[in-house]
Amino acid sequence: DVKVTQSSRYLVKRTGEKVFLECVQDMDHENMFWYRQDPGLGLRLIYFSYDVKMKEKGDIPEGYSVSREKKERFSLILESASTNQTSMYLCASSLLGGGDKYFGPGTRLTVT
Amino acid sequence: AQSVTQPDIHITVSEGASLELRCNYSYGATPYLFWYVQSPGQGLQLLLKYFSGDTLVQGIKGFEAEFKRSQSSFNLRKPSVHWSDAAEYFCAVGAGSGTYKYIFGTGTRLKVLA
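Here the protein sequences come in this chain order: D and L.
Numbering of the first sequence is given in the numbering used here, commencing with residue 1 and proceeding in unit increments.
Numbering of the second sequence is given in the numbering used here, commencing with residue 1 and proceeding in unit increments.
Quick caveat, the hints were computed from the structure, so don't treat them as lab data.
Among these hints, one or two may not hold up.
Derived coverage of chain D by chain L (criterion: at least 3 residues anywhere in the stretch with Cβ under 8 Å from a Cβ of chain L; other residues may be distant) [to be verified]:
1) 62 to 75
2) 100 to 111
If you anchor each label on the Cβ, the simulated ranges turn out as follows [what the hints assert, rightly or not]:
3) 79/L to 28/D: 32 to 42 Å
4) 70/D to 12/L: 22 to 32 Å
5) 60/L to 110/D: 30 to 40 Å
6) 10/D to 8/L: 40 to 50 Å
7) 14/D to 12/L: 33 to 43 Å
8) 28/D to 56/L: 44 to 54 Å
9) 95/D to 42/L: 20 to 30 Å
10) 12/D to 71/L: 43 to 53 Å
11) 67/D to 70/L: 44 to 54 Å
12) 82/L to 39/D: 21 to 31 Å
13) 13/D to 54/L: 19 to 29 Å
Using N, Cα and C, we set each Cβ at its ideal position, and we do this for glycine too.
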């Protein structure tokens, strides 16, 4: 079974802090994704990566950056957290050719 | 522009009753279509998908969905709902090469009455 794990299920940070959300997948998938989930808005793509050190912006990249130094790990970085970044963050992975995405359990981030 | 609409925000059904969750999409070419389920506190799990071929697709947990090109719809159905089906359901359309870029609907939350 594909497993996508996220470093924290719940996280509380203060405004202005630098925040790291970590995601690891164990199926040698090339593609990895970060989504943000908000009520009434569904899932929105923040960034994705199709290879180590490669990244592309999604629909809502502002205020976020990403890092992929190893194939299995994809990090989402909030350089200076703000209250409007309070949300559920979901990581996903898939094979390079597309197809099924496998999702992690999510990190619920609260910025106070 | 590509879009996915799930017109029902909440649906309540009794256990054992049939279920249909609606999904309409807007996409220029033949879409790749997906249904995901999210149980409370969990990530998303793929229920089923349509790429091509038979327009009625079977998924896990007894779900099925029918692709209707003329109606731009991909509705999810289950003949008899179980209490464990209570969750949020997301429809998605895959756009772009390799279907990397999914567009998700806003979700339908299903409540099941005992």
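Hint check:
1. With 0 residues carrying a beta carbon less than 8 Å from a beta carbon of chain L, the segment 62 to 75 of chain D misses the three-residue requirement, and the given coverage is violated.
2. Against chain L, the segment 100 to 111 of chain D contributes 7 residues with a C-beta closer than 8 Å to a partner C-beta. That satisfies the three-residue criterion, and the hint holds.
3. The given range of 32 to 42 Å is respected by residue 79/L and residue 28/D, whose C-beta atoms sit roughly 38 Å from each other.
4. Taken as a hint, the range 22 to 32 Å is violated for the pair residue 70/D and residue 12/L, whose Cβ atoms sit roughly 45 Å apart.
5. Distance hint check: the CB atoms of residue 60/L and residue 110/D are about 33 Å apart, consistent with the given range 30 to 40 Å.
6. Taking 40 to 50 Å as the suggested C-beta distance range, the pair residue 10/D and residue 8/L does not conform, at roughly 29 Å.
7. The supplied range of 33 to 43 Å is met by residue 14/D and residue 12/L, whose beta-carbon atoms lie about 39 Å from each other.
8. The given range of 44 to 54 Å is broken by residue 28/D and residue 56/L, whose C-beta atoms sit roughly 33 Å from each other.
9. Take residue 95/D and residue 42/L: their Cβ atoms lie about 22 Å apart, and the range 20 to 30 Å holds.
10. For residue 12/D and residue 71/L, the Cβ-Cβ distance of about 45 Å falls inside the hinted range of 43 to 53 Å, so the restraint holds.
11. Here the CB-CB span from residue 67/D to residue 70/L is close to 45 Å, well matched to the stated 44 to 54 Å.
12. Roughly 25 Å separates the CB atoms of residue 82/L and residue 39/D, a value that falls within the hinted 21 to 31 Å.
13. The hinted range of 19 to 29 Å is not satisfied by residue 13/D and residue 54/L, whose Cβ atoms lie roughly 48 Å apart.
Consistency with the previously given hints fails for numbers 1, 4, 6, 8, 13, ordered from lowest to highest.
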